[in-house]
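Protein chains: 2
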Amino acid sequence: MTEPRYTPLVRSLPATVPFVGPETQERQRGAPFTARLGANESLFGPSPKAIAAMQAEAAEIWKYGDAESYDLRQALAARHAIAPENIMVGEGIDGLLGYLVRLLVSEGDAVVTSEGAYPTFNYHVAGFGGVLHKVAYVDDREDPATLFAKAGEVGAKLVYLANPDNPMGSWHSGADIAAALDSLPEGALLVLDEAYVEFAPEGTAAPIAADDPRVIRMRTFSKAYGMAGARVGYAIAAPELITAFNKVRNHFGMNRFAQAGALAALLDQDWLAHVQTEVAAARHRIAEIARDNGLTTLPSATNFVAVDCGADGAFAKSVLDGLVERGVFVRMPFAAPQNRCIRVSCGRPQDLDAFAAALPEALKQVRG
Amino acid sequence: MTEPRYTPLVRSLPATVPFVGPETQERQRGAPFTARLGANESLFGPSPKAIAAMQAEAAEIWKYGDAESYDLRQALAARHAIAPENIMVGEGIDGLLGYLVRLLVSEGDAVVTSEGAYPTFNYHVAGFGGVLHKVAYVDDREDPATLFAKAGEVGAKLVYLANPDNPMGSWHSGADIAAALDSLPEGALLVLDEAYVEFAPEGTAAPIAADDPRVIRMRTFSKAYGMAGARVGYAIAAPELITAFNKVRNHFGMNRFAQAGALAALLDQDWLAHVQTEVAAARHRIAEIARDNGLTTLPSATNFVAVDCGADGAFAKSVLDGLVERGVFVRMPFAAPQNRCIRVSCGRPQDLDAFAAALPEALKQVRG
Numbered sequence: 001m002t003e004p005r006y007t008p009l010v011r012s013l014p015a016t017v018p019f020v021g022p023e024t025q026e027r028q029r030g031a032p033f034t035a036r037l038g039a040n041e042s043l044f045g046p047s048p049k050a051i052a053a054m055q056a057e058a059a060e061i062w063k064y065g066d067a068e069s070y071d072l073r074q075a076l077a078a079r080h081a082i083a084p085e086n087i088m089v090g091e092g093i094d095g096l097l098g099y100l101v102r103l104l105v106s107e108g109d110a111v112v113t114s115e116g117a118y119p120t121f122n123y124h125v126a127g128f129g130g131v132l133h134k135v136a137y138v139d140d141r142e143d144p145a146t147l148f149a150k151a152g153e154v155g156a157k158l159v160y161l162a163n164p165d166n167p168m169g170s171w172h173s174g175a176d177i178a179a180a181l182d183s184l185p186e187g188a189l190l191v192l193d194e195a196y197v198e199f200a201p202e203g204t205a206a207p208i209a210a211d212d213p214r215v216i217r218m219r220t221f222s223k224a225y226g227m228a229g230a231r232v233g234y235a236i237a238a239p240e241l242i243t244a245f246n247k248v249r250n251h252f253g254m255n256r257f258a259q260a261g262a263l264a265a266l267l268d269q270d271w272l273a274h275v276q277t278e279v280a281a282a283r284h285r286i287a288e289i290a291r292d293n294g295l296t297t298l299p300s301a302t303n304f305v306a307v308d309c310g311a312d313g314a315f316a317k318s319v320l321d322g323l324v325e326r327g328v329f330v331r332m333p334f335a336a337p338q339n340r341c342i343r344v345s346c347g348r349p350q351d352l353d354a355f356a357a358a359l360p361e362a363l364k365q366v367r368g
Numbered sequence: 001m002t003e004p005r006y007t008p009l010v011r012s013l014p015a016t017v018p019f020v021g022p023e024t025q026e027r028q029r030g031a032p033f034t035a036r037l038g039a040n041e042s043l044f045g046p047s048p049k050a051i052a053a054m055q056a057e058a059a060e061i062w063k064y065g066d067a068e069s070y071d072l073r074q075a076l077a078a079r080h081a082i083a084p085e086n087i088m089v090g091e092g093i094d095g096l097l098g099y100l101v102r103l104l105v106s107e108g109d110a111v112v113t114s115e116g117a118y119p120t121f122n123y124h125v126a127g128f129g130g131v132l133h134k135v136a137y138v139d140d141r142e143d144p145a146t147l148f149a150k151a152g153e154v155g156a157k158l159v160y161l162a163n164p165d166n167p168m169g170s171w172h173s174g175a176d177i178a179a180a181l182d183s184l185p186e187g188a189l190l191v192l193d194e195a196y197v198e199f200a201p202e203g204t205a206a207p208i209a210a211d212d213p214r215v216i217r218m219r220t221f222s223k224a225y226g227m228a229g230a231r232v233g234y235a236i237a238a239p240e241l242i243t244a245f246n247k248v249r250n251h252f253g254m255n256r257f258a259q260a261g262a263l264a265a266l267l268d269q270d271w272l273a274h275v276q277t278e279v280a281a282a283r284h285r286i287a288e289i290a291r292d293n294g295l296t297t298l299p300s301a302t303n304f305v306a307v308d309c310g311a312d313g314a315f316a317k318s319v320l321d322g323l324v325e326r327g328v329f330v331r332m333p334f335a336a337p338q339n340r341c342i343r344v345s346c347g348r349p350q351d352l353d354a355f356a357a358a359l360p361e362a363l364k365q366v367r368g
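Protein chains in written order, with full-length UniProt numbering: chain A, 1 to 368; chain B, 1 to 368.
Calculated directly from the structure, the hints in this document are not laboratory data.
Don't take each hint at face value.
The list makes no distinction among identical chains, and a pair is therefore deemed to hold if it is satisfied within one copy or across any two copies.
Each computed SDA-like pair below joins lysine to any residue, with the alpha-carbon atoms no more than 20 angstroms apart [unchecked claim]:
#: 1; residue 1: K364; residue 2: E325
#: 2; residue 1: K49; residue 2: A59
#: 3; residue 1: K49; residue 2: E60
On a predicted model such as this, the values are computed, not experimentally measured, just so you know.
Same shape as in the complex, but just chain A:
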């Protein structure tokens, strides 16, 4: 027997992972990390009410989850003052992006994103045979005007824009995003990834109607709600597009505790406010630590801070390696010139203490 008859597309794909996980790195280095500051997880944890809800649901795990995520969609609809028909709940934004790309992208179809933006989106586009066109950041921000111009030029079906941005933490006002839509070319759908928007200044969430057929918006419980390991994201879009997900999604794919935990987390907005406060303090602390080491930081509307190491990507990579060696898990942007930075997630005081202790040593080692 020969090997399985993979599709031609699959044969052309590398078996790569968009990110190497911290557990994999820990196994490789033979020791756990002291500070887990690389994946923009919320070290402040989920709402205690969400923890309690998940624990209560554990004994019910013999039941499949509700295929419609009905209760969660009702609560999200109330929270956003939109209809449940505007909402699709899925296995994190990663899962939803995969479904969305599959709905729109056949082999050879054009898609536009920024050089250095979210690799998992790129992974999905490549996985369905799409052709990625990348534009540069402008002043360390993803730039709607450049993105939409490129989309017109190549006839893109999809355009990806994260606001706030990962990995730089930069942002546009929601009003600017909404205004830019006027230049989105006909036939292009904007994927507006607002995974970090709960950390951003008021007015960053784009004032776009849920029914607007030009945009699909992505939100998540992985960041501000502290539930990355639960895998709950949701998309907001016109009902027709939301319904189309039912053609391809894994209908019974949602974990039952994740649904229960997300619902409880959503209803505990006091905890969200607490996390927002902690994150703001941590951003400030990271900036201080950087300054103490002669480095600068970029303004951030997220739960992480890009620390400008003041030289090129190779230099920043060496700093990163020095931190990782010392048990501090961080990541960095993939593309120049953003890769002059390392990206440090907002942690608790003890996590940032570890960062503060390791950074001078890492810098000393690199500076020789």
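Given the coordinates of chain A, work out where chain B should sit on it, guided by the hints.
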């Protein structure tokens, strides 16, 4: 703006769900079910150790799960006496089947299954544009000889066979499955779905080497391990095929408590033995209830029993509707002549009491 530019394949797909979930049915009928006996969930629940492990992990849910499911794969490898490289953990068998179909099936590719076998597999095949060829059950069993002959005739890339079978509960010995592989045509990969094998007589699991390139085997924590809502399944196959999943899967898609719970469940084989005993007793009880109502049952190697209603599909459907009206959630086979039956999951005594109470009334109503 026109609607999003869906792919031609997506345009051709209906927005259907393979199954209507019990929660959806409860919302439609405006009342909860008294007995949830329709989805072959394990009403005996997961191991208390798995519940404790999941509850302990709830506070850690701010972390993404391990993208490699390393600990679980190690434990599964030890349990099956195979290498971790032979194992892919995924979001239930449903999720793994989706990835597998995507790896192999392009538009127009032939796939073979049995008429009335697992609809979610068919959903995935249709979703990637595959052409399904269906063969009939033989004596209420999926028939390897017929399936493999059809695969040769149509040049199938994939052949689906569940052993034991769902929805009939029938089975072949593992030795017979292994022997039948000699007639599997070159270029066809057998998907051997063993979701229910823990309930089957000794010798039902097929004695096929994990490295055999002709077969990929599917197992789950949703049935005997009582964790349907956690979404943990695994595939066993040759390392090359396992690695190929890394080209398309959602690498960070596994829920963190699901990983912890599955590991604890796997290590509690005493609980598994307890569930096997309870299921055997419940099968016996379902047969008694059927007999008390003048009906027969099919032998079962699963955690459900096909109850032969003694007439055609319309009759069985009326019996089913009568049970559902009375708060007893059950399902039934989709295809004739198997649809002369209703399918009743093994429940606790109180669940089967509800079935025993509702069945005579439902039959009386139908018999008029």
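Taking the hints in turn, this is what the structure says about them:
no., hint, in the structure
1, K364 - E325, "within (14 angstroms within a copy, 74 angstroms between copies)"
2, K49 - A59, "both (17 angstroms within a copy, 11 angstroms between copies)"
3, K49 - E60, "both (17 angstroms within a copy, 14 angstroms between copies)"
In the structure shown, no violation is registered for any of the earlier numbered hints.
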